[in-house]
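Letter by letter, the chains look like this.
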Amino acid sequence: VPFVVATNPGGSCPVFAASVVVTCSPHMRVNMVVNTVHWFRKGLRLHDNPSLRESIRGADSLRCIYILDPWFAGSSNVGINRWRFLLQCLEDLDASLRKLNSRLFVIRGQPTDVFPRLFKEWQINRLSYEYDSEPFGKERDAAIQKLACEAGVEVTVLNSHTLYDLSRIIELNDGHPPLTYKRFQGLINRMDAVELPAETVTLEVLRKCDTPVSDDHDDKFGVPSLEELGFDTDGLATAVWPGGETEALMRLERHLERKAWVANFERPRMNANSLLASPTGLSPYLRFGCLSCRLFYFKLTDLYKKVKKDNNPPLSLYGQLLWREFFYATATNNPCFDKMEGNPMCVQIPWDRNPEALAKWAEGRTGFPWIDAIMTQLRQEGWIHHLARHAVACFLTRGDLWLSWEEGMKTFEELLIDADWSVNAGSWMWLSCSSFFQQFFHCYCPVGFGRRTDPNGDFIRRYLPVLKGFPAQYIYEPWNAPEELQKSVKCIIGVHYPKPMVNHAEASRVNIERMKQIYQQLSCYRGLGRNMTRILITSYSHFDARLRVYRVNSAPPKRSTAAASSLNLW
Amino acid sequence: MLNLTSLFLRMKRMKGGEEGGDSSPGNSSPEVCKKVRTQNTEDSEAGVASEFLDSDWARLPQELLLHIFQYLPLLDRAYASQVCRGWNQAFHMPELWRCFEFELNQPASSYLKATHPDLIKQIIKRHSNHLQYVSFKVDSSTESAEAACDILSQLVNCSLKTLGLISTARPSFMEVPKSHFISALTVVFVNSKSLSSLKIDDTPVDDPSLKVLVANNSDTLKLLKMSSCPHVSPAGILCVADQCHGLRELALNYHLLSDELLLALSSEKHVHLEHLRIDVVSENPGQHFHTIKKSSWDAMVRHSPKFNLVMYFFLYEDEFGPFFNDEIPVTHLYFGRSVSKEVLGRVGLHCPRLVELVVCANGLRPLDEELIRIAKHCNQLSAIGLGECEVSCSAFVEFVKMCGRRLSQLSIMEEVLIPDHKYSLDEIHWEVSKHLGRVWFPDMMPTW
Numbered sequence: 001v002p003f004v005v006a007t008n009p010g011g012s013c014p015v016f017a018a019s020v021v022v023t024c025s026p027h028m029r030v031n032m033v034v035n036t037v038h039w040f041r042k043g044l045r046l047h048d049n050p051s052l053r054e055s056i057r058g059a060d061s062l063r064c065i066y067i068l069d070p071w072f073a074g075s076s077n078v079g080i081n082r083w084r085f086l087l088q089c090l091e092d093l094d095a096s097l098r099k100l101n102s103r104l105f106v107i108r109g110q111p112t113d114v115f116p117r118l119f120k121e122w123q124i125n126r127l128s129y130e131y132d133s134e135p136f137g138k139e140r141d142a143a144i145q146k147l148a149c150e151a152g153v154e155v156t157v158l159n160s161h162t163l164y165d166l167s168r169i170i171e172l173n174d175g176h177p178p179l180t181y182k183r184f185q186g187l188i189n190r191m192d193a194v195e196l197p198a199e200t201v202t203l204e205v206l207r208k209c210d211t212p213v214s215d216d217h218d219d220k221f222g223v224p225s226l227e228e229l230g231f232d233t234d235g236l237a238t239a240v241w242p243g244g245e246t247e248a249l250m251r252l253e254r255h256l257e258r259k260a261w262v263a264n265f266e267r268p269r270m271n272a273n274s275l276l277a278s279p280t281g282l283s284p285y286l287r288f289g290c291l292s293c294r295l296f297y298f299k300l301t302d303l304y305k306k307v308k309k310d311n312n313p314p315l316s317l318y319g320q321l322l323w324r325e326f327f328y329a330t331a332t333n334n335p336c337f338d339k340m341e342g343n344p345m346c347v348q349i350p351w352d353r354n355p356e357a358l359a360k361w362a363e364g365r366t367g368f369p370w371i372d373a374i375m376t377q378l379r380q381e382g383w384i385h386h387l388a389r390h391a392v393a394c395f396l397t398r399g400d401l402w403l404s405w406e407e408g409m410k411t412f413e414e415l416l417i418d419a420d421w422s423v424n425a426g427s428w429m430w431l432s433c434s435s436f437f438q439q440f441f442h443c444y445c446p447v448g449f450g451r452r453t454d455p456n457g458d459f460i461r462r463y464l465p466v467l468k469g470f471p472a473q474y475i476y477e478p479w480n481a482p483e484e485l486q487k488s489v490k491c492i493i494g495v496h497y498p499k500p501m502v503n504h505a506e507a508s509r510v511n512i513e514r515m516k517q518i519y520q521q522l523s524c525y526r527g528l529g530r531n532m533t534r535i536l537i538t539s540y541s542h543f544d545a546r547l548r549v550y551r552v553n554s555a556p557p558k559r560s561t562a563a564a565s566s567l568n569l570w
Numbered sequence: 001m002l003n004l005t006s007l008f009l010r011m012k013r014m015k016g017g018e019e020g021g022d023s024s025p026g027n028s029s030p031e032v033c034k035k036v037r038t039q040n041t042e043d044s045e046a047g048v049a050s051e052f053l054d055s056d057w058a059r060l061p062q063e064l065l066l067h068i069f070q071y072l073p074l075l076d077r078a079y080a081s082q083v084c085r086g087w088n089q090a091f092h093m094p095e096l097w098r099c100f101e102f103e104l105n106q107p108a109s110s111y112l113k114a115t116h117p118d119l120i121k122q123i124i125k126r127h128s129n130h131l132q133y134v135s136f137k138v139d140s141s142t143e144s145a146e147a148a149c150d151i152l153s154q155l156v157n158c159s160l161k162t163l164g165l166i167s168t169a170r171p172s173f174m175e176v177p178k179s180h181f182i183s184a185l186t187v188v189f190v191n192s193k194s195l196s197s198l199k200i201d202d203t204p205v206d207d208p209s210l211k212v213l214v215a216n217n218s219d220t221l222k223l224l225k226m227s228s229c230p231h232v233s234p235a236g237i238l239c240v241a242d243q244c245h246g247l248r249e250l251a252l253n254y255h256l257l258s259d260e261l262l263l264a265l266s267s268e269k270h271v272h273l274e275h276l277r278i279d280v281v282s283e284n285p286g287q288h289f290h291t292i293k294k295s296s297w298d299a300m301v302r303h304s305p306k307f308n309l310v311m312y313f314f315l316y317e318d319e320f321g322p323f324f325n326d327e328i329p330v331t332h333l334y335f336g337r338s339v340s341k342e343v344l345g346r347v348g349l350h351c352p353r354l355v356e357l358v359v360c361a362n363g364l365r366p367l368d369e370e371l372i373r374i375a376k377h378c379n380q381l382s383a384i385g386l387g388e389c390e391v392s393c394s395a396f397v398e399f400v401k402m403c404g405r406r407l408s409q410l411s412i413m414e415e416v417l418i419p420d421h422k423y424s425l426d427e428i429h430w431e432v433s434k435h436l437g438r439v440w441f442p443d444m445m446p447t448w
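Chains as they are written, first to last, in the numbering used here: chain A, 1 to 570; chain B, 1 to 448.
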C-alpha cells in the first residue's frame, strides 16, 4: 500500500529509511500500464542499483534517462577530463543497456523543465533515482518530487551511493554530524551492518519490461561527443582514466588481485610510483557511481577474511570508503558546507585575496617544481595522489600563499575527476585547518616533501620536461643551481621556468603566526567543558564576530602565563 | 554571564516599589510606577509582556546600562544607542571605549568586513582620549596599512596602555613608506607615556623610534613583540633592555640577540623575565649565525629561573651548526622546516628545560634513538608534535612509557608511526593510551 512520506519543508534531510516510496495518488488500478523512468545522476551502473530494480518490478516499460544540464551542484565549472569521463560512463551505460534490449536516453535541459514534459509525453507513472545526500541534490529532488506528485507519478528513492543511511549516523550522534573522524568511526562501530548490494539488472529482470526506442534515438537521445559540447579536442591525449561501469568492475578485480597477491592490507608506504596513475585506482569510479561502494566494501571484506583467515576486519581496511562516508555525513545537512562565510563548521580565517597568485598555483607556474608538476598532472590527467593533494592544498592555503581554500576547491572541482561536492569541500577545509580540529603546526615543505617521496625527481621530469636536465640535487629547488648548470641544461630559472613565487621559510613563518592568532581567539573557550567547547567551536562562526568584540570590549584579559608560555600551537 | 531574567525581575521589583530597598536607582517615583502598573494590569490580556514596553526602560541607571552594554557586540550596542537619549548617552560612556580593534580590509584583498569608516571617524572625534587598549588588524594591502597609520597619527590625546599592529595576511606594514609609519608610531609613543604592551611584529620600526619609545615609556613597558623588524639593530634593542627594567616579555629575531642583551636583561635592576621568544629565520641558504655564550644563558637562568625561552627555527638543515652545541635553557622549541637527526640528538643532550617540542619534518630515517634520549633527559617535556618524520612503533611506545602522564599533548601524524614486529597501527593506540592514562589516537589526514 503506497504511503506518503512528508518531506521537511525546510528542505533538510528527509528521513529515508532503508526504502521509501513516495506517492500522491492512492488510486492505482491494478491492471494499469506502468511506464517507468529511471533517472541516472550518479549511480551510473547496473550492478547494486536498488532504485532501478525496484522501479522495474511490475513495470511494462522502462526508460533510463540522464539529464545533461545542470551537471551537478549547480556548478558549470567543469573541465574537459571530467566531461570526457562522464560521457564515457554514459556510453558504457548505453552499451550495457543495449545488451538488455534497452537504451540510455540523454536529455538536454533542466530537470524541472524536462520532467513535466516527459511525464506527459511518455505517460509516465513511476520515477526512480538513487538518493542524493548533498544539499543541492536534496533541494533539486524535492522540487522534482513535487512535480511528480502533481503529475500522479510514484517516486522510488533508495540509498546506494553511501555505505550507510547518513541520517541514521547523524541520529546516533544526537542529531549532529560527527566532527572528528575518530568520533565518526565510533558511530560506525555502532551502526547495523552495511546493506548487501542489490542484484545486478539482467535480461531476465527486464524480461517483462520494454523500452520503446525510435529510429532517430541516436539523434534525439544519443550520448553527445566532447565536440558537440563545445570542447576543442585537438591534441587531446587518450584518457588515463577511462570512464564506465565496465572499466570500474575490471579495475576492482585487479585491485583485489593485487591486494591478495601482496597479502598486505596495511596502508601502503608512499614511493615515487604511487604518484603515478594506477590501473587499479578506483576513486573516480566511486565518485560517479560506476562502482558501487557497497560492492567494494563486501569484496574487500571477503578477501580479507579469506587471506587473513580472520573474521574481524579492522576499520582501517575501509579507509578510503569511510573518509568518503564521513564527508558525506558532515555535509548532508549543511548547504553552506562549501563556503567559509555562513558555514558553522568553518573557522573564519582572514585569507588573502590575490587572483594573480591563484592563477600561478592553478596553472602550475609557482616556480616550485614539486607543486607545479602535481598541478600539471592534475590538469593533464584529472587525478593526483592524495598526498600530492595535501602538498598543493597546504601550499595554497596555510602553508605558503595564504589564499582561500574555496579557490582551491573550485580548481579541484574543475580538474579532478573524483572530486565531489562533499568530499572536496570537506577535504579542503581539513587541509587548510579550517575545521575538524586539524592541528595546524604541521606544514608540508614544497621542496622537502617532494624530495623525500621521490628522491630522484622522475615525477618532476615527467610532467615538467623543461626541467629534466637538472640533477636530483637541484631538481626540487632549481633556483639554487649554479648559473653554469642552468645554462648547460638549457633552463635558466626566471626565463625558461619561473622563479619561486614565495620564500617558503618566510611564508611559513608568517603563516604559522597567523594561524596562531586565529586559534588563540578560539582557545579562550578552552576552559569550558568539553561539550560546550565542541558546540562553541562548531558554531563559532556565528560567534566569531562577537568573539573578537567580547574580548576587545571587556577589560583585557589578565595575561595568563599559561597562554603566554606555550608555543600556542595546540 | 548576565541573567536577563533576573534583571527583568529586579526591574519589576524596582517598579513595584517593593521594600526590597536595594539599589533603588533614584528617579522612578513610586506614584508614577503605580500609575503605570494600574494601566497595564487593565490589559491583562497582553499579560506581562506589556509591562516591559513602558518608558521605565529609558530610566535604567547608567551603571546598569553600562554593565549590560558591555555584553553586547558593538553592532547591537549601536542599535541600542538609537533607542532613546539616555541609551545614546550610555553608548558614549568612556568605559565602553577603552578597548577597540580597528579592522582594516579592502574588498580586493580580503573576504572579511572592515570597521566602518564613519565609526572610525566617530571614535577619533569623541573617544580618542578614552582609548587604552587598541589593536589594528590589517589585510595584505598597503592601503589598509596606510589607513592604520593615518588613524595612529590622529591618536594625539590617547594614553594607550596596549597597542597591537597585526597583519592578518602578508605583512603590509612593510609596504608603507618608512617615514610615514615611523611618524605615526612615534605619535603614540610620545603621547601615551604609559605603554605597557606593544606588538609591532613585521613593521619597519627602527632604532631611533625605539629610542623615542624608551624615552617616554621606560617605566611602564612590560611586553614588546617585534619579530621580523629588519630595520632594528642589536644596539637598538639593547637600549630597550637597558632602560626598560619592567620588561617581562620580549619577542625578536635571532640577529638582534646578543650576549650584552641577555646580560642587560639579567641585571639586578631588571625584573624577572617571564617570556623570551626568538625567531631564527634563514634569509639565504648557507647563512651564518652567531653564537651566544653559555655564560649569558646561565646568567638569564640565574636571574629568572622560571622564564620561558621559546625558539622558532626556520632554517635549512645545514645551517644548524652554531646551535645546540652547549646547554641552552630553551623551553619551547619549534622546527618549521626539516631538521636533521643529528641536531635532534643534540637537542636531547643540551635542552634539559624543554617543555614543548614540535618537529615539522625530518626525513625518512627513524628518530627512535633521538626520541628516547629526549624522554630521558628532558624531564619537563609535556608536549610533542611530529609531522613528516618516522618513528618505529616500538620506540614510540618506549618514549611514551618513559614520559608517562606528563605528556599532556601528543600530536603525531598517522604516517609517522612505522609498524614493526611488536606493534601494528591498530594496536599502538591502545598501548599508548594505557601509558598516557587517557584515550589517544594519532592525527589523521583524509585519504581522498
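A few of these clues could be false.
[Claimed, not checked] Away from chain B, derived, C-beta distances all over 10 Å, residues of chain A:
1. K99
2. Q320
3. G448
4. P465
5. V466
6. R514
[Claimed, not checked] Distance condition first, Cα-Cα at most 27 Å in a straight line; then the derived BS3-like pairs of lysine-lysine:
7. B/K422 with A/K182
8. B/K269 with B/K341
9. A/K490 with A/K468
10. B/K225 with A/K339
11. A/K309 with B/K225
12. B/K225 with A/K516
13. A/K360 with A/K182
Simulated from the structure, these hints should not be mistaken for laboratory data.
The beta-carbon is built from N, C-alpha and C at its ideal position, and this holds for glycine as well.
Tested hints:
Annotated as non-interface, A/K99 keeps its C-beta farther than 10 Å from every C-beta of chain B; the closest such distance is 33 Å. With a closest Cβ-Cβ approach of about 5 Å to chain B, A/Q320 is found to fall inside the 10 Å limit, against its non-interface label. Against chain B, the non-interface label of A/G448 is violated: not every CB pair exceeds 10 Å, the least being about 5 Å. Distance to chain B confirms A/P465 as a non-interface residue, since its nearest Cβ pair spans about 26 Å, more than 10 Å.
Distance check for A/V466 against chain B: the nearest CB is about 23 Å away, which clears 10 Å, and the non-interface claim stands. Listed as outside the interface, A/R514 is inconsistent with that label: its C-beta sits roughly 6 Å from the nearest C-beta of chain B, within the 10 Å cut-off. Of the supplied pair hints, the one linking B/K422 and A/K182 holds, its CA atoms being roughly 24 Å apart against a limit of 27 Å. Only pairs whose Cα atoms come within 27 Å are accepted, and B/K269 paired with B/K341 is rejected, the gap being roughly 41 Å.
A threshold of 27 Å between alpha carbons decides the hint, and for A/K490 with A/K468 the separation of about 10 Å falls inside it, so the pair holds. Our distance criterion of 27 Å between C-alpha atoms is broken by B/K225 and A/K339, whose separation comes to about 34 Å. Distance restraint check for A/K309 and B/K225: the Cα-Cα separation of roughly 61 Å exceeds the 27 Å cut-off, and the hinted pair is therefore not satisfied. Taking the CA atoms of B/K225 and A/K516, the gap is near 15 Å; set against the 27 Å cutoff, the hint holds.
For a cut-off of 27 Å, the pair hint linking A/K360 to A/K182 is broken: about 36 Å separates their Cα positions.
The structure shown violates the earlier hints numbered 2, 3, 6, 8, 10, 11 and 13.
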